[in-house]
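Asker: Residue numbers (our numbering), protein chains in the order written: chain A, 1323 to 1605; chain B, 140 to 410.
Read the hints as simulated data drawn from the structure, not as lab findings. Keep in mind that this is a model prediction, so the values were computed, not measured. Some hints here could point you the wrong way.
To be verified - Within a straight-line C-alpha distance of at most 27 Å, the following computed DSS-like cross-link-like pairs (lysine-lysine) qualify: (1) 1515/A with 1407/A; (2) 300/B with 1510/A; (3) 146/B with 1407/A; (4) 1510/A with 146/B; (5) 205/B with 356/B; (6) 1407/A with 1510/A; (7) 238/B with 146/B; (8) 192/B with 356/B; (9) 300/B with 1407/A; (10) 1515/A with 146/B; (11) 143/B with 1515/A; (12) 192/B with 174/B; (13) 192/B with 205/B.
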Amino acid sequence: MALPAFAIYAVLYLYPALSNLLWATRRWDGNPESEPEAVGFRNFTYMFTNDDVFIQSLGNNFRFMILVVIFQTGFSLLFATYLTKNTRTTIFLRTLYFFPTILSSVSVGLIWLALYDPNYGFINASLNALGFESLALNWLGDSRYALYALAVTQVWFHTGQMMVIYVAGLQQIPQELYEAAQVDGASKWQQFKHVTWPMALPTTAVVVAYTTIQTFRAFDLVYTMTNGGPLNSTEILVTLIYRNAFFGYQYGYAAAQTVVLVVVVLSLTWLQRRTLRLDYGAK
Amino acid sequence: MIYKTIKGFLLSVFALAIIIPCSIVIMGAFKTDLKIISEPLALPESWNFDNFKRLVDSGSVYTPAKNSLIVAFFSVFITLFLASLAAFAIARLITVTGKVLFVLFSVGLAIPGQVNIIPIYLLFVDLGLTNSLTGLVLVNIALTLPISIFIMSAFFRDLPKEMFEVAGIDGAGPWRVYRSIALPLSRPAIGATGIFLFVICWNDLLYPLMLITREDKKTLPLTLIDFRGEYLTEYSMIFTAIVVASLPMIIMYIAFQRSFIAGLTQGAVKG
């Protein structure tokens, strides 16, 4: 009974994933007249020694990840602690906070393009109206700020989703622990530090892993808002791979970069899980 | 007291951060460009559908909407059918093969789907599946099968064993058990997974961008991207297009809130 699913999966997922490893050792410009050339590991040595844009994209991707992981996890945990109980207000706010998740990345990207518009956008119009003219920057058009502007959008987009995961986790924490802490005179902060945080660590591991993966898959958002620019300041690995393959016609080289992408994502999620689990075990 | 004030303040700030952009867009769909820029937060003077008419008249909405609907519908329907069968087999007919299959499908969960863009593209060029809605449906199925099987097999495993055993004693074959017991019982899981799959297929940009170049095969996200270049800062058109492209999701979200949140949370990795 599992056969039809497995057949499709094998042909269109496992086989391409394996053949991608083979493509990663080749050089080919996609021209049907020419034959792919076997180059061994030269694609990999080239990208780490000679390709500044690749190194920059890797760095951008890490910065984007760190920013989004810190703020998205922080906000979603904060709001989840506020909205753990099921009342009419909390359910309404949770539904509202979750709302951006149902929109497409392209829609979200276009909405924020409009908000960030340096001349007509709501953000700069508000800053000007409030007298902060010097803060009304060219958010997406300046290579110093564009990556941060994208990170804000990504956090806006997915905080509600992560909050819902946290709420499910926090609702599992036995109420008695909080009651005991209150009897002992623990403040809200102490309750958070000694009950919520350690009890929610497994959930944090999940949220951090999801968020990390999302920041490495943020193709749609980056493509819509900045397309990697200005000056490659928002180029992340997936957008670079797309450009190298479909505009640079370097199929083998782009395939090698997807291998690096997978290795990076897998090692990061593995490392995070280990750290958070060790932390959990120690307490 | 201070705690409550801070709490209320932070909750309102984030609520406004969502309400303000969304209302600028929704109200903008009923305004002129000038009004969007000069009074972004004001209610439109009249709720007329001029922008919508202009959008429809431009001829760039009907075909992509139809294509998106076809692709999303067939992708979701076929994936749900194949995944529920496979998940049922893996979870209930526990054999060595079942375990091996589960491990193989889990590999797909660990590898991000975007790894496959180059080999899939080259394979689809060879098979003549570029510029084809069938091609998009096939990609969607392959990409979403692992996560769907993962979610559904967890659900099937939690169903009480006894029901399946009794049915087996009564002489029902695996097909019969799947159809008459597993499927009806798993309606909530299938619903949640279906919604999550629909959102992914409806919103996907990367694969259509790669595989579709012909106008008559474009899906909504591709058309929206074209709009970005075509209308630049003509925000009335862009906002109207966003509203049109998001409307099915918004209606479904209001109608099936619970399944929506459940589905999109389980599938957060892929969403």
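Asker: List in ascending order the numbers of the hints, as given earlier, that are violated by the structure.
Answerer: 2, 7 and 9
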